[in-house]
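Participant: Chain by chain, the residues run as shown.
Number of protein chains: 2
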Amino acid sequence: LGSIKSISFIGSGNVATHLSQALHNQGFIIEQVFSRNIDHALELAEKVDALAVDNIANINSSSDLYILAVKDDAIESTLRLINDKNIFIVHTSGSIGIDIFKETGFSDYGIFYPLQTFSKNKSVDFLEIPICVEASYEEKLLIDIANQLSNLVYQVSSEQRKKLHLAAVFACNFSNYMYHVAEDICLQNDVNFNILKPLIKETAQKISLNHPHEVQTGPAVRGDQKIIESHLDQLSENKNYQGIYRLITDNILKAKK
Amino acid sequence: LGSIKSISFIGSGNVATHLSQALHNQGFIIEQVFSRNIDHALELAEKVDALAVDNIANINSSSDLYILAVKDDAIESTLRLINDKNIFIVHTSGSIGIDIFKETGFSDYGIFYPLQTFSKNKSVDFLEIPICVEASYEEKLLIDIANQLSNLVYQVSSEQRKKLHLAAVFACNFSNYMYHVAEDICLQNDVNFNILKPLIKETAQKISLNHPHEVQTGPAVRGDQKIIESHLDQLSENKNYQGIYRLITDNILKAKK
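Which chain is which? The protein sequence lines are A and B, in order.
Mapping of the first sequence onto our numbering: residues 2 to 258, in sequence order.
Mapping of the second sequence onto our numbering: residues 2 to 258, in sequence order.
Some hints could be false.
Computed list of lysine-lysine pairs in PhoX-like fashion (alpha-carbon distance at most 25 angstroms, straight line) [as the list claims (entries may be wrong)]:
| id | chain 1 | residue 1 | chain 2 | residue 2 |
| --- | --- | --- | --- | --- |
| 1 | B | LYS257 | A | LYS72 |
| 2 | B | LYS163 | A | LYS202 |
| 3 | A | LYS207 | B | LYS207 |
| 4 | A | LYS123 | B | LYS207 |
| 5 | A | LYS207 | B | LYS202 |
| 6 | A | LYS164 | B | LYS207 |
| 7 | B | LYS48 | B | LYS121 |
| 8 | B | LYS240 | A | LYS163 |
| 9 | B | LYS6 | B | LYS48 |
| 10 | A | LYS121 | B | LYS141 |
| 11 | A | LYS202 | B | LYS227 |
| 12 | A | LYS164 | B | LYS163 |
| 13 | A | LYS103 | B | LYS227 |
| 14 | B | LYS227 | A | LYS163 |
| 15 | B | LYS227 | A | LYS164 |
| 16 | A | LYS6 | A | LYS48 |
| 17 | B | LYS103 | A | LYS207 |
| 18 | A | LYS255 | B | LYS240 |
| 19 | A | LYS240 | B | LYS255 |
| 20 | A | LYS164 | A | LYS141 |
| 21 | B | LYS72 | A | LYS227 |
| 22 | B | LYS240 | A | LYS240 |
| 23 | B | LYS103 | A | LYS72 |
| 24 | B | LYS121 | A | LYS240 |
| 25 | B | LYS6 | A | LYS227 |
| 26 | B | LYS103 | A | LYS121 |
| 27 | B | LYS227 | B | LYS257 |
| 28 | A | LYS202 | B | LYS202 |
| 29 | A | LYS240 | B | LYS257 |
| 30 | B | LYS202 | A | LYS123 |
| 31 | B | LYS72 | A | LYS163 |
| 32 | A | LYS257 | B | LYS72 |
| 33 | B | LYS164 | A | LYS227 |
These are computed hints drawn from the structure, not numbers from a lab.
Generate the whole structure from the sequences, applying the supplied hints.
Facilitator: Shown next as structure tokens:
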């Protein structure tokens with residue numbers, strides 16, 4: 002099979018931008034960048050010494066690997082538009098299973114999923130970004146590439162990735178919502194939310210070396226009913242927040258037993 | 002009033018240990034360390050060149066400031082045991098109001114509340130720990146001391162501190178519980194929870210420069226009903242987690258409108 006030397010990108014968003022630049026910096030040849038919007042294709046192509054393409058029929062067949070980095074709901078339709086079904090192609094999505102490739106006629110395919118939030122203007126250090134790989138049969142090639150970018154490479158099946166995505170909703174989306182509620186409570190009471198930021202940071206750092214349940218703190222895990230009642234009372238004018246407080250507290254109390 | 006030069010500690014736990022050492026390092030004279038357990042008193046006293054005391058009647062009256070750093074539910078009873086009501090005394094609790102001092106006969110008092118979780122064996126950098134101060138009338142003295150320890154000094158009333166404590170339950174205790182649920186989902190599905198840790202860290206770091214609602218991501222804020230349904234379905238065997246998923250998702254959907 003040899004190793005991967007040349008790569009083309011289908012898509013020019015945040016993931017394509019950060020990933021293609023990281024691969025380019027590692028010495029991979031980025032051949033083509035496709036986007037339906039030629040300006041977007043050109044903008045990224047220029048950064049990685051690639052050719053910009055805005056017609057999917059013009060994508061060459063010569064690259065060793067094609068990385069499809071488009072929105073989840075555009076993956077299937079884009080795959081159907083690719084004529085050459087013999088290319089080695091991967092997508093970068095956390096929530097779309099590997100079967101999508103078989104269903105759209107490909108035989109040599111995989112997932113190359115960098116698990117991090119990317120912002121257009123914020124540079125990232127790929128070394129600390131977990132990359133989850135899976136492949137129909139050339140998994141070693143993907144692992145080789147991933148190892149050149151990151152210290153955190155994992156083989157993750159589609160079924161596991163589905164669960165990882167679900168877990169990430171709790172760990173990241175929901176914890177961010179907890180930050181929002183906290184900020185809202187501060188704003189409503191003329192308290193500076195900045196006071197809480199070091200504690201938020203420390204809470205997130207603590208779990209790098211401990212299981213979360215080992216470092217759980219607060220009135221619920223202490224079983225401090227007096228404080229819990231006082232908090233529920235303080236939230237009596239916001240039934241939404243009160244409901245969240247009650248449900249999570251009940252679950253922490255249950256988990257203690 | 003002059004400035005504070007000598008300080009005595011009542012209590013020898015994590016807060017007393019870290020705070021007395023930080024003050025000692027800044028050149029304050031730590032006169033006495035009281036603990037009902039003489040071994041605990043001796044252990045800390047030795048670190049800060051202080052005298053160990055295990056009988057509260059033996060606490061001197063000569064220190065410029067007394068810092069009461071005991072568990073919340075021991076604050077009132079300890080205050081009642083102190084004979085000299087003319088000392089300048091502060092407690093270090095986030096949830097006990099300033100009125101406790103008046104109720105126990107003191108006239109010169111305040112709060113000196115470092116808002117961070119302390120672990121016995123983990124050293125801390127006080128410069129990045131917010132310190133919330135409040136005082137009956139010598140607030141400036143407390144601010145001066147706090148400024149010598151930390152870059153993050155805030156004047157916070159008891160009423161505000163109550164709200165801050167409530168907000169911290171959401172931002173820290175509840176987000177930690179979200180990490181726990183995420184780890185539990187990973188464990189149950191043979192997925193390595195470490196894969197999520199960089200994303201958790203980045204989620205917490207993102208809010209240092211952005212409002213949480215501005216960086217909210219995930220299926221709920223995208224209104225992605227297909228993924229939400231799939232997640233609820235995957236949680237059908239754990240009604241507790243399913244209930245949390247549904248409630249927080251509903252709240253994020255509501256907040257969008």
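Participant: For which of the previously enumerated hints does the structure constitute a violation, in increasing order of number?
Facilitator: 10, 11, 12, 17, 23, 24, 25, 26 and 31
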